[in-house]
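Residue numbering for the sequence shown follows the numbering used here, starting at 2 and increasing by one per position.
Hints may be right or wrong, so weigh each one.
No farther apart than 30 angstroms at their CA atoms in a straight line, the calculated lysine-lysine pairs in the DSSO-like style are these [stated by the list, open to error]:
(1) Lys143 to Lys122
(2) Lys122 to Lys72
(3) Lys72 to Lys131
(4) Lys72 to Lys143
(5) Lys156 to Lys122
In case anyone wonders, no lab produced these hints; they're calculated from the structure.
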Amino acid sequence: MVERGEAQLCIIVDEAAPLGSDQFGSHPLLRVEFLAVHHTSLELGHRRSIDIRGLTSYPLLLMDSQFVLRKRFDAACRIAGLRPNILFECSSRHTLLALAEARHGIAIIPSNALLHRYTLKTLLLTQERKPLQEPVSIYWDKRRLLPRYAQDFCKLLAEYIREVERG
2 MVERGEAQLC
12 IIVDEAAPLG
22 SDQFGSHPLL
32 RVEFLAVHHT
42 SLELGHRRSI
52 DIRGLTSYPL
62 LLMDSQFVLR
72 KRFDAACRIA
82 GLRPNILFEC
92 SSRHTLLALA
102 EARHGIAIIP
112 SNALLHRYTL
122 KTLLLTQERK
132 PLQEPVSIYW
142 DKRRLLPRYA
152 QDFCKLLAEY
162 IREVERG
(Lines of atoms letter the chains of each structure in order from A and count residues from 1; the text may use other names and numbers.)
(Lines give C-alpha, C1' and ligand atoms only; values in the text may rest on other atoms or scores of the structure.)
Protein backbone atom coordinates (compact mmCIF):
# COMPACT_ATOMS: atom_id res chain seq x y z
CA MET A 1 0.00 0.00 0.00
CA VAL A 2 2.89 2.37 0.71
CA GLU A 3 4.44 1.57 -2.66
CA ARG A 4 1.10 2.26 -4.43
CA GLY A 5 0.57 5.51 -2.51
CA GLU A 6 -2.46 4.18 -0.61
CA ALA A 7 -0.74 4.64 2.76
CA GLN A 8 2.03 6.98 3.89
CA LEU A 9 3.58 4.69 6.49
CA CYS A 10 3.75 1.03 7.42
CA ILE A 11 5.23 -0.82 10.35
CA ILE A 12 6.73 -4.16 9.36
CA VAL A 13 9.48 -6.60 10.21
CA ASP A 14 12.56 -5.40 8.32
CA GLU A 15 12.91 -8.75 6.58
CA ALA A 16 9.54 -8.15 4.85
CA ALA A 17 10.75 -4.93 3.21
CA PRO A 18 11.85 -5.24 -0.44
CA LEU A 19 15.56 -5.98 -0.67
CA GLY A 20 18.02 -4.00 -2.75
CA SER A 21 15.78 -0.99 -3.12
CA ASP A 22 16.56 2.50 -1.92
CA GLN A 23 12.96 3.48 -2.66
CA PHE A 24 11.94 3.20 0.98
CA GLY A 25 13.01 5.25 3.94
CA SER A 26 12.83 3.71 7.38
CA HIS A 27 13.16 4.42 11.06
CA PRO A 28 13.95 1.54 13.48
CA LEU A 29 11.35 0.97 16.18
CA LEU A 30 12.05 -2.21 18.14
CA ARG A 31 13.22 -5.79 18.05
CA VAL A 32 10.48 -8.40 18.25
CA GLU A 33 11.66 -11.43 20.20
CA PHE A 34 10.34 -14.95 19.82
CA LEU A 35 8.50 -16.40 22.77
CA ALA A 36 7.72 -20.02 23.66
CA VAL A 37 4.37 -19.85 25.44
CA HIS A 38 2.88 -22.83 27.27
CA HIS A 39 0.34 -23.90 29.87
CA THR A 40 1.43 -23.50 33.47
CA SER A 41 1.20 -27.28 34.05
CA LEU A 42 4.03 -27.97 31.60
CA GLU A 43 7.24 -28.15 33.62
CA LEU A 44 10.15 -26.54 31.81
CA GLY A 45 12.00 -25.47 34.93
CA HIS A 46 12.23 -22.04 36.48
CA ARG A 47 14.27 -20.41 33.79
CA ARG A 48 13.32 -17.36 31.75
CA SER A 49 14.47 -18.68 28.38
CA ILE A 50 14.68 -21.89 26.40
CA ASP A 51 17.05 -22.82 23.61
CA ILE A 52 15.41 -23.85 20.36
CA ARG A 53 16.93 -27.33 20.84
CA GLY A 54 14.91 -27.72 24.03
CA LEU A 55 11.67 -27.69 22.04
CA THR A 56 12.25 -30.81 19.94
CA SER A 57 10.24 -33.17 22.14
CA TYR A 58 7.20 -30.89 22.44
CA PRO A 59 4.32 -30.37 20.01
CA LEU A 60 4.60 -26.88 18.55
CA LEU A 61 1.88 -24.42 17.62
CA LEU A 62 3.22 -22.09 14.92
CA MET A 63 2.20 -19.21 12.70
CA ASP A 64 1.79 -20.41 9.12
CA SER A 65 4.64 -20.15 6.64
CA GLN A 66 3.45 -16.90 5.01
CA PHE A 67 4.74 -14.94 8.04
CA VAL A 68 8.32 -13.64 8.10
CA LEU A 69 8.70 -14.62 11.76
CA ARG A 70 7.77 -18.20 10.91
CA LYS A 71 10.36 -18.23 8.11
CA ARG A 72 12.95 -17.01 10.62
CA PHE A 73 11.94 -19.77 13.05
CA ASP A 74 12.22 -22.40 10.30
CA ALA A 75 15.64 -21.07 9.32
CA ALA A 76 16.81 -21.24 12.95
CA CYS A 77 15.65 -24.87 13.11
CA ARG A 78 17.54 -25.71 9.91
CA ILE A 79 20.71 -24.04 11.21
CA ALA A 80 20.42 -26.00 14.46
CA GLY A 81 19.82 -29.23 12.51
CA LEU A 82 16.38 -29.68 14.07
CA ARG A 83 13.15 -31.04 12.75
CA PRO A 84 10.41 -29.41 14.85
CA ASN A 85 7.37 -31.39 15.96
CA ILE A 86 4.70 -29.16 14.39
CA LEU A 87 1.25 -30.00 15.69
CA PHE A 88 -0.70 -27.05 14.29
CA GLU A 89 -0.13 -23.91 12.25
CA CYS A 90 -2.43 -21.00 11.48
CA SER A 91 -2.52 -17.26 10.85
CA SER A 92 -3.99 -16.25 14.22
CA ARG A 93 -1.81 -15.63 17.28
CA HIS A 94 -4.89 -15.84 19.49
CA THR A 95 -5.75 -19.31 18.18
CA LEU A 96 -2.22 -20.47 19.00
CA LEU A 97 -2.44 -18.96 22.47
CA ALA A 98 -5.84 -20.56 23.12
CA LEU A 99 -4.47 -23.95 22.02
CA ALA A 100 -1.44 -23.53 24.30
CA GLU A 101 -3.74 -22.61 27.18
CA ALA A 102 -5.77 -25.76 26.44
CA ARG A 103 -2.54 -27.81 26.85
CA HIS A 104 -2.10 -28.77 23.19
CA GLY A 105 1.52 -27.66 22.91
CA ILE A 106 3.95 -24.76 22.97
CA ALA A 107 3.01 -21.71 20.92
CA ILE A 108 5.84 -19.82 19.23
CA ILE A 109 4.75 -16.21 18.95
CA PRO A 110 6.29 -12.74 18.68
CA SER A 111 6.80 -10.71 21.84
CA ASN A 112 4.38 -8.01 20.69
CA ALA A 113 1.40 -10.39 21.08
CA LEU A 114 -1.12 -9.50 23.77
CA LEU A 115 -0.92 -12.14 26.50
CA HIS A 116 -2.78 -10.55 29.42
CA ARG A 117 -6.00 -12.59 29.01
CA TYR A 118 -4.28 -15.98 28.99
CA THR A 119 -3.00 -18.11 31.85
CA LEU A 120 0.32 -19.09 30.31
CA LYS A 121 4.03 -19.18 31.06
CA THR A 122 6.32 -17.32 28.71
CA LEU A 123 9.93 -18.15 27.87
CA LEU A 124 12.28 -16.19 25.66
CA LEU A 125 13.34 -18.39 22.74
CA THR A 126 17.09 -18.48 22.17
CA GLN A 127 19.58 -20.08 19.84
CA GLU A 128 23.13 -20.57 21.05
CA ARG A 129 22.36 -18.32 24.06
CA LYS A 130 21.19 -15.43 21.85
CA PRO A 131 17.55 -14.36 21.69
CA LEU A 132 15.77 -15.13 18.43
CA GLN A 133 14.56 -11.74 17.29
CA GLU A 134 13.68 -9.62 14.28
CA PRO A 135 13.97 -5.85 13.90
CA VAL A 136 10.81 -3.86 13.15
CA SER A 137 10.82 -0.43 11.50
CA ILE A 138 8.41 2.15 10.19
CA TYR A 139 8.72 2.58 6.39
CA TRP A 140 7.69 5.17 3.81
CA ASP A 141 8.16 5.64 0.08
CA LYS A 142 10.92 8.18 -0.53
CA ARG A 143 9.50 8.99 -3.99
CA ARG A 144 6.65 10.82 -2.25
CA LEU A 145 6.91 13.79 0.05
CA LEU A 146 6.54 12.67 3.65
CA PRO A 147 4.59 15.43 5.44
CA ARG A 148 6.13 17.01 8.50
CA TYR A 149 3.49 15.46 10.79
CA ALA A 150 4.38 12.00 9.48
CA GLN A 151 8.10 12.64 10.07
CA ASP A 152 7.32 13.79 13.60
CA PHE A 153 5.08 10.76 14.15
CA CYS A 154 7.93 8.38 13.23
CA LYS A 155 10.26 10.03 15.74
CA LEU A 156 7.63 10.22 18.49
CA LEU A 157 6.60 6.60 18.01
CA ALA A 158 10.23 5.42 18.23
CA GLU A 159 10.74 7.48 21.42
CA TYR A 160 7.52 6.15 22.94
CA ILE A 161 8.47 2.52 22.20
CA ARG A 162 11.90 3.04 23.80
CA GLU A 163 10.24 4.48 26.93
CA VAL A 164 7.75 1.62 27.17
CA GLU A 165 10.51 -0.98 26.75
CA ARG A 166 12.50 0.61 29.58
CA GLY A 167 9.46 0.09 31.77
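Starting from Lys156, check that the Cα of Lys122 is at most 30 angstroms away, please. 34 angstroms, violated
Can you confirm whether the C-alpha distance between Lys122 and Lys72 stays at or below 30 angstroms? 24 angstroms, holds
Hinted pair Lys72 and Lys143, Cα distance within 30 angstroms: 28 angstroms, holds
Could you grab the alpha-carbon distance between Lys72 and Lys131 and see if it respects the 30 angstroms cut-off? 18 angstroms, holds
Given pair status - Lys122, Lys143, alpha carbons within 30 angstroms: 42 angstroms, violated
Checked against the numbered hints given earlier, the structure breaks hints 1 and 5 and satisfies all the rest.
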